[in-house]
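Asks: Going line by line, the protein sequences match chains X and P. The first sequence: position 188 = 188 (the numbering used here), numbered continuously. The second sequence: position 260 = 260 (the numbering used here), numbered continuously.
Quick caveat, the hints were computed from the structure, so don't treat them as lab data. Hints are supplied without guarantee of correctness; some may be wrong.
Label pairs and their in silico Cβ distance ranges [as the list claims (entries may be wrong)]:
1) X:GLU176 with P:LEU140: 25 to 31 Å
2) X:ASP92 with P:LEU192: 56 to 62 Å
3) X:LYS90 with P:THR121: 53 to 59 Å
4) X:LYS342 with P:VAL38: 32 to 38 Å
5) X:LYS114 with P:THR307: 17 to 23 Å
6) P:LEU192 with X:GLU176: 27 to 33 Å
7) P:GLN60 with X:ALA110: 50 to 56 Å
8) X:LYS114 with P:LEU253: 18 to 24 Å
9) X:ASN86 with P:LEU140: 20 to 26 Å
10) X:ASP92 with P:ALA157: 36 to 42 Å
11) X:PRO72 with P:GLY62: 33 to 39 Å
Over the 12 Å line for every Cβ pair with chain P, so calculated as not near, a few chain X residues [as the list claims (entries may be wrong)]:
12) LYS130
13) GLN136
14) GLY159
15) ASP189
16) LYS230
17) GLU232
18) GLN305
19) GLN308
20) SER314
21) LYS342
22) VAL435
23) ALA436
24) VAL451
25) LYS492
Selected chain P positions facing chain X (Cβ under 8 Å, derived; list incomplete) [stated by the list, open to error]:
26) GLU64
27) PHE65
28) GLY67
29) SER77
30) GLY81
31) ASP145
32) TYR146
33) ASP170
34) ALA172
35) ASP224
36) PHE249
37) THR252
38) GLY254
39) ILE256
40) GLY271
C-beta: ideal position from N, C-alpha, C; glycine also.
Next come the chains, spelled out residue by residue.
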Amino acid sequence: MKARFALIALLAVIVMLLGACAQPTPQVIEKVVTQVVTQEKVVEKPVEKIIEKPVEKVVQQTVVVQAPTKAPARKIVSWFQYDQGNVDPKSDERVGNQYLRDAIPVFNKAFDGKWIWENQYTPWEKLGAKLVAAVQVKAEVPDLIEMGGSYVTSFYKNGVVQDLTEWAKAQKWYAEMDASALRNCSGPDGKLYCIPTANRPSQVFVWKDRYPNGFPKTTDEWLKEGERLKKEGKYAMTFFGSTAFNGNGAARAVYQTIGSFGGGYDDGNGKIKLNTPENVAAVAWLREMVQSGYVPEIAFAGGFQEEQAFMDSSAGAIPTGLFGYRYINPLTAPSGKKYEKKTQDDMLDAIAAGDVYLAPMPAGPGKKPGCGTGIAALAIPVGAKNPEGAKEFINWTLSAEQNPAYVVGPGGGLPVLKSISALPQFQAPFYKQAVAVASASDCKVIWTSVVNTPAAETAIMNAVYKLIKTDPKADIAAELKKAEEEYNKTVK
Amino acid sequence: MNQPATAPLLGGFGPKKAKPRRRIDLLPFILILPTILVLLAIQVYPALYTIVLSVQEREQTGWEFVGLQNFEILFDSAALGESAGHTVVYLMGYASLTLMLAFFIALLLNRKSHLSGVYITLLFIPWILADIIAGVVFRLLVLPDYGLFSGFLQNPALFPPRGLSVLTADAAKPWIGNFPFPPSPAMVYLILAASWRALPFITLLLLAALQTISNEVIESSRIDGANTWQTIRHITIPLILPTMVVALFNLTLGGINGVGMVFSLTGGGPGTSTHVLSYFLYSIGWVSLDFGRAAALAVILAVINLTLIAGTLRITRVQHRSA
Numbered sequence: 001m002k003a004r005f006a007l008i009a010l011l012a013v014i015v016m017l018l019g020a021c022a023q024p025t026p027q028v029i030e031k032v033v034t035q036v037v038t039q040e041k042v043v044e045k046p047v048e049k050i051i052e053k054p055v056e057k058v059v060q061q062t063v064v065v066q067a068p069t070k071a072p073a074r075k076i077v078s079w080f081q082y083d084q085g086n087v088d089p090k091s092d093e094r095v096g097n098q099y100l101r102d103a104i105p106v107f108n109k110a111f112d113g114k115w116i117w118e119n120q121y122t123p124w125e126k127l128g129a130k131l132v133a134a135v136q137v138k139a140e141v142p143d144l145i146e147m148g149g150s151y152v153t154s155f156y157k158n159g160v161v162q163d164l165t166e167w168a169k170a171q172k173w174y175a176e177m178d179a180s181a182l183r184n185c186s187g188p189d190g191k192l193y194c195i196p197t198a199n200r201p202s203q204v205f206v207w208k209d210r211y212p213n214g215f216p217k218t219t220d221e222w223l224k225e226g227e228r229l230k231k232e233g234k235y236a237m238t239f240f241g242s243t244a245f246n247g248n249g250a251a252r253a254v255y256q257t258i259g260s261f262g263g264g265y266d267d268g269n270g271k272i273k274l275n276t277p278e279n280v281a282a283v284a285w286l287r288e289m290v291q292s293g294y295v296p297e298i299a300f301a302g303g304f305q306e307e308q309a310f311m312d313s314s315a316g317a318i319p320t321g322l323f324g325y326r327y328i329n330p331l332t333a334p335s336g337k338k339y340e341k342k343t344q345d346d347m348l349d350a351i352a353a354g355d356v357y358l359a360p361m362p363a364g365p366g367k368k369p370g371c372g373t374g375i376a377a378l379a380i381p382v383g384a385k386n387p388e389g390a391k392e393f394i395n396w397t398l399s400a401e402q403n404p405a406y407v408v409g410p411g412g413g414l415p416v417l418k419s420i421s422a423l424p425q426f427q428a429p430f431y432k433q434a435v436a437v438a439s440a441s442d443c444k445v446i447w448t449s450v451v452n453t454p455a456a457e458t459a460i461m462n463a464v465y466k467l468i469k470t471d472p473k474a475d476i477a478a479e480l481k482k483a484e485e486e487y488n489k490t491v492k
Numbered sequence: 001m002n003q004p005a006t007a008p009l010l011g012g013f014g015p016k017k018a019k020p021r022r023r024i025d026l027l028p029f030i031l032i033l034p035t036i037l038v039l040l041a042i043q044v045y046p047a048l049y050t051i052v053l054s055v056q057e058r059e060q061t062g063w064e065f066v067g068l069q070n071f072e073i074l075f076d077s078a079a080l081g082e083s084a085g086h087t088v089v090y091l092m093g094y095a096s097l098t099l100m101l102a103f104f105i106a107l108l109l110n111r112k113s114h115l116s117g118v119y120i121t122l123l124f125i126p127w128i129l130a131d132i133i134a135g136v137v138f139r140l141l142v143l144p145d146y147g148l149f150s151g152f153l154q155n156p157a158l159f160p161p162r163g164l165s166v167l168t169a170d171a172a173k174p175w176i177g178n179f180p181f182p183p184s185p186a187m188v189y190l191i192l193a194a195s196w197r198a199l200p201f202i203t204l205l206l207l208a209a210l211q212t213i214s215n216e217v218i219e220s221s222r223i224d225g226a227n228t229w230q231t232i233r234h235i236t237i238p239l240i241l242p243t244m245v246v247a248l249f250n251l252t253l254g255g256i257n258g259v260g261m262v263f264s265l266t267g268g269g270p271g272t273s274t275h276v277l278s279y280f281l282y283s284i285g286w287v288s289l290d291f292g293r294a295a296a297l298a299v300i301l302a303v304i305n306l307t308l309i310a311g312t313l314r315i316t317r318v319q320h321r322s323a
């Protein structure tokens, strides 16, 4: 008896729990209408006129009538790496956080009654895994994500973002969109899987006083400058030289170097091609820079700590993405002058004062300066509940009224639309220099067909690190070949 | 031969004796049902799902069955063997160092000095820190050129010829083949940091076990002429052996599966010198977003875990019997 009672009680608890977990039903207004039905004739409307004959049968029916108010605005859920609720002025992402605080009310006002923008903060290092997992298990996904171009091929492989090609081609902004930015958003099949919102090409930030004769134009000149700086107890450059973040350094200064010798990684058929004369020459040059002591030890510590050597100007230059200006602060110039706002303004102020300038990567013999393109972009996940709203959001972000704030804010780079580039906000020294440097460089999309870019970058950076740092006598061609084969055998 | 009057003949058609009905009390099963359901949901289902995932690969159109291909790729890659080697070095260093230090500290604390309570409280501080935080703090201490101890460590006079940069120094040439021993300075530092973090819990575990040993047993051994070492070797250790096994399990499983400290302290570097299996798993799953292959590695790790547990149990059981 006790057992039966316990079983019934348990079932009751489970039923209650399930009931509590069920989705709430939509709010409707129920109206009970009594209809009178005769045996001979059924009259539905109007109710007042139906009593034509003696009433013989009365049936009560429940009719659900929608509330007479206008339809509520639909949500557009986004995943940005920024958190509108984080007001910490020391947060690394304060610029993006502030952008959301400013932009969300503007958007909601502009689309009052139609869309409501709800951002769910998603740290950048979790975005990819969270989205892939959510799509694969058919869980809730956002309507929109903000992403970097490096995600495109992995998202393509996992089938987690929607093909936006046809829709994009029909939009007004498409004709004036930067072609390299569009290539960055293209999957190996040539279709567009995201919409670029800002360009972030890689460049070199240079302390003017560390290079009184001007920043070197060629890699050979840079080695000579390295020797001069070494005698002064300084370094020619610092760069992301570690294997941290799964070899992401391969897409940063290492790629700039490779590009400056005319090399690359992607063979165009889904595999990597490392053992080329251009790549071997690039790695040999980088090895010489490191082994000669022209690069500080901190460059290999990971965790973006290599930036420290530029911040205190012990290193004369740092090749990195344009976006880096956001994070490299505070600054102390070689003269001792300090830029201590501890915001992106430090770099902008140093550039405006002429202490820092942007330069193309020094080029290898007979080559153009290497440069990897980079972008900020928006994409619509597979399974998004409100793709129409997401598309309208993208158009809003790319509008002449809204895009400048985005580019100056979280975009952290150059506009992708020509008409926006011409606006007064983008005539400051930082932007003018960045445009000039990008034009003088041979900016390329790093990955065009390789889908597992993190694994490829890990293989490349492990090999490069070994060659330039731990085993400077190892055969460069042989090690690059080994890394190439190690990755390629994982590709079907 | 007399049969009892009521005994059935030839299988018996006689009057049946009503057997007392055996009552199965369902209540205990019902009471543990919620726990079983929770375990099924959060342990059994994910484990089975991991096995299912390990034989699939994600394509644009959805999951595709690939048989054992994920395992083949893993076993064919140099990274798996290399990571396994680093894991063995890490595990041996971490588990043995922590267990020995914890045992030593527990013996000291068991002497009941006036400040034992204070020591225990102080000792517990590392345990309340998250792995990631502890890793970041340890990292900042030895950051090349900028760390708190970098001036001391990178002094060529103290560490010739070029000073010691813990996070970027190269490993010595392996003694045996490619097995990563002697470990890199970063691996040694990782072991020290992880041991520091795990020490409080293991110390308290062993201290609790030591306090269950009767003083009379220890005194008897002394009367019989045993010195301190002999008492520890033949009395104390055998009596707390079950607790030591639990501690060893805790350390082994925590060491092989934990990724937080590696992630925040070394990021698997310099180069690949602290690239352990758990970090390898993290990289495949959460960076490369290749959940099928990550699941295959998780299955391999589970098999290694089970083998280690079984092996440790077997060895300690034998030791326990012989003791």
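Asks: Would you mind marking each hint as holding or not holding in the structure?
Replies: Do the hints match the structure? See the list:
no.	hint	in the structure
1	X:GLU176 with P:LEU140: 25 to 31 Å	violated (47 Å)
2	X:ASP92 with P:LEU192: 56 to 62 Å	violated (29 Å)
3	X:LYS90 with P:THR121: 53 to 59 Å	violated (32 Å)
4	X:LYS342 with P:VAL38: 32 to 38 Å	violated (48 Å)
5	X:LYS114 with P:THR307: 17 to 23 Å	violated (60 Å)
6	P:LEU192 with X:GLU176: 27 to 33 Å	violated (57 Å)
7	P:GLN60 with X:ALA110: 50 to 56 Å	violated (35 Å)
8	X:LYS114 with P:LEU253: 18 to 24 Å	violated (53 Å)
9	X:ASN86 with P:LEU140: 20 to 26 Å	holds (23 Å)
10	X:ASP92 with P:ALA157: 36 to 42 Å	holds (38 Å)
11	X:PRO72 with P:GLY62: 33 to 39 Å	holds (34 Å)
12	LYS130	violated (9 Å)
13	GLN136	violated (7 Å)
14	GLY159	violated (4 Å)
15	ASP189	violated (9 Å)
16	LYS230	holds (15 Å)
17	GLU232	holds (16 Å)
18	GLN305	violated (6 Å)
19	GLN308	violated (5 Å)
20	SER314	violated (8 Å)
21	LYS342	holds (17 Å)
22	VAL435	holds (33 Å)
23	ALA436	holds (33 Å)
24	VAL451	violated (10 Å)
25	LYS492	violated (8 Å)
26	GLU64	violated (10 Å)
27	PHE65	violated (14 Å)
28	GLY67	violated (13 Å)
29	SER77	holds (7 Å)
30	GLY81	violated (12 Å)
31	ASP145	holds (5 Å)
32	TYR146	holds (5 Å)
33	ASP170	holds (4 Å)
34	ALA172	violated (11 Å)
35	ASP224	violated (57 Å)
36	PHE249	violated (29 Å)
37	THR252	violated (27 Å)
38	GLY254	violated (23 Å)
39	ILE256	violated (21 Å)
40	GLY271	holds (5 Å)
Hint violations for this structure: numbers 1, 2, 3, 4, 5, 6, 7, 8, 12, 13, 14, 15, 18, 19, 20, 24, 25, 26, 27, 28, 30, 34, 35, 36, 37, 38 and 39, all remaining hints satisfied.
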